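Below are the chains, spelled out letter by letter.
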Amino acid sequence: MTPPPPGMKSPPAAIKPPPAGGSPWRLAWRRLARSRATLAFGGLFLAVVMLCLLAPVYAREIAHTGPNDNHITETVKVGGKTLEVVSPTGVPIGPTWHSRFFLGADANGRDVAVRLLYGGRNSLEVGALATLITMLLAVLIGVLAGYFRGVTDGVLSRLLDVIWAFPPILLGVALGVALAVGGLDLGVVKLHSGSLLLPALIVGVVFVPYVARPLRGQVLSLRRREFIDAARVQGHGHMRILASELLPNLTSTIVVFIPLMLANAILLEAGLSYLGAGVQDPNPSWGTMLAEGIRLTPGAIHLVLVPGLMLVAAVLGVNVFGDGMRDALDARA
Amino acid sequence: MIGFLARRLAGMVAVLLAISLLTFLIFQVIPGGDPAVRMAGRLATPAQVQDVRRAWGFDRPVYDQYLTTMGKVLDGTVVSYSQQINVEDEIVRSLPPTISLALGAGVIWLFFGVLFGVLSAITAGRLLDRSLTVVALVGISTPAFFLGALLLYYFGYRLELLPLGGYVPLTRDPWGWFTHMLMPWLALSVAFIGVYARVLRSNVLDTMSEDYVRTARAKGLSERRVLVRHVLRNSLIPIVSLWGLDFAAVVGGGAIVIESVFDLHGVGQYAAESIARLDVPPVLVVTLLVACAVVVLGAVVDILYAALDPRIRLAR
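Residue numbers (our numbering), protein chains in the order written: chain D, 1 to 333; chain E, 1 to 316.
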């Protein structure tokens, strides 16, 4: 900003800044706050997260049972009638809409509502960890490949090509089954075969190219811009340029990718768990619950509907929120 | 053009080699994945296990085993560990259901994806656009196997309208083929329709604000002609590449989940079953098949790109 020429008074302080001004982030936030659908679906996702976090409270105070407790031989009173939790032919009870077995039981006589909430914790945890892994690796690879080009770019891009050429689910299943058998020994940390970190790692790695490639492209075009040259002429090192010139310009792309990757990670975890390569028994997740339900159809459709609809609600919440966020950050829209 | 093809071919071979090596190594390092122990049976003596190991060459160094296996893959003589059946014969047997699935679903998702995307873009902000957006987002958010299971339950079991899974060859019974494939096609297509509709909607909206579209309108072209000749021709280009890669992934067994839900006995299901048995040769061949399909169709898409969009040049 140029200083006012001599002899001219500074502008009176009473003039307010125009309402449309502010940083791009503030503008984006204002646009986001205006879109009621975006906020509503973001709220839906938060509600699902809160419910799942409260799983232990629900299990202890309302259902009085744990996620892995069997009640296969017990009975439950519903509206004065005594019903078996699991019939002699192996058909579990449907939703009772009472405190016990609110959403029915599964084939082992476990409370579906309790398992749904505990399973949601696992699904969301795997999704969040996987997203974190994807974003960290993708930003690292995309920025390094795009900025340094040359051999670094060649090696990293070929690596992405290799991961890219596997369909996510096939690579996930191969890694999942391979690691589920023996766990993973990274030297420093040893992951046991039941650990939630394993599916998170698999899902995270599988999605890296989907984020790293667009980021690399963006860095390739950014590095030719004048402000990068200016930073280099000023004598800044590579690390400084990467951290304080490039990364801030990538933030909105990164932010847009986060909900997209979270939604996809939750979906892929469900697919892997359905094929037995994700979260391992007896740990519940939405995917493993769906798999059990599908094995039992047509006996007990509530075992498919309950985890399926919860999963769709969570993923839909993230997707609509992410969609709205992208519109808010994209000034053209 | 020839230089482009040569570079592309070299890159393809390199990626395929890396993938084969990676797949082989993944299964090599699994603890308890020793195939000789499983093949010798539960009651085998250590000497018998040793015999199997020697007969199949599991005692040789890893690079030697890898080269031998790859040689057999190229000859078409590779045999699975668990059933000791020729792997390539098995894959040829499981290709018809997979190709039926990919072709049918591919046509459905391309047609409805483009239809919904265009309708959404030309009514942007109005009720139709909003409803289609909701439909697309619900589609993207629904796992295909959940949808498949619901379809099977309601249309197959409750209403008894459609068969409960399985595959009927087209040559034997075209109507039976169609009724057996209808639900798998729908279950697989829904998520893709959502993605394509969203991508196309934003492409069309972007293109509509270009100068040449305004020029086309200004010189008096009808709205239909502007849309078809000027806007769509540009907006559909990314869809071509998306479709090529998605189609390739499904042909290569990427629709594992749908194939298992509907018990189609396709390539993906074969891969999943082999993975569960830690049976390396079939997994290796299927992953190479997918990778091949993805890489080849990727190159085809690049060439198509240049044909569709004169601004893009292949030499880079």
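Don't read these hints as lab results, they were simulated from the structure. A portion of the hints provided could be inaccurate.
What the hints assert, rightly or not - Computed footprint of chain D on chain E, listed as stretches where at least three residues anywhere in the stretch have a Cβ under 8 Å from a Cβ of chain D:
{"#": "1", "stretch": "18-25"}
{"#": "2", "stretch": "65-71"}
{"#": "3", "stretch": "122-129"}
{"#": "4", "stretch": "152-159"}
{"#": "5", "stretch": "226-232"}
None of the values given here were measured: they were computed from a predicted structure. Every residue, glycine too, gets a C-beta built ideally from N, C-alpha and C.
Here's how the hints hold up against the structure:
For the stretch 18-25 of chain E, the assignment as covered by chain D holds, since 4 residues bring a beta-carbon within under 8 Å of that chain's beta-carbons and 3 suffice. For the stretch 65-71 of chain E, the proposed coverage by chain D is not satisfied: 0 residues have a C-beta within less than 8 Å of a C-beta in that chain, short of the threshold of three. Counting residues of the stretch 122-129 of chain E whose CB falls under 8 Å from any CB of chain D gives 0; the rule of at least 3 is not met. For the stretch 152-159 of chain E, the proposed coverage by chain D is satisfied: 4 residues have a C-beta within less than 8 Å of a C-beta in that chain, meeting the threshold of three.
Here's how the stretch 226-232 of chain E fares: 0 of its residues keep a CB closer than 8 Å to some CB of chain D, so the rule of at least three is not met and the hint is violated.
Violation of the numbered hints given earlier is confined to hints 2, 3 and 5; the remaining hints are satisfied by the structure.
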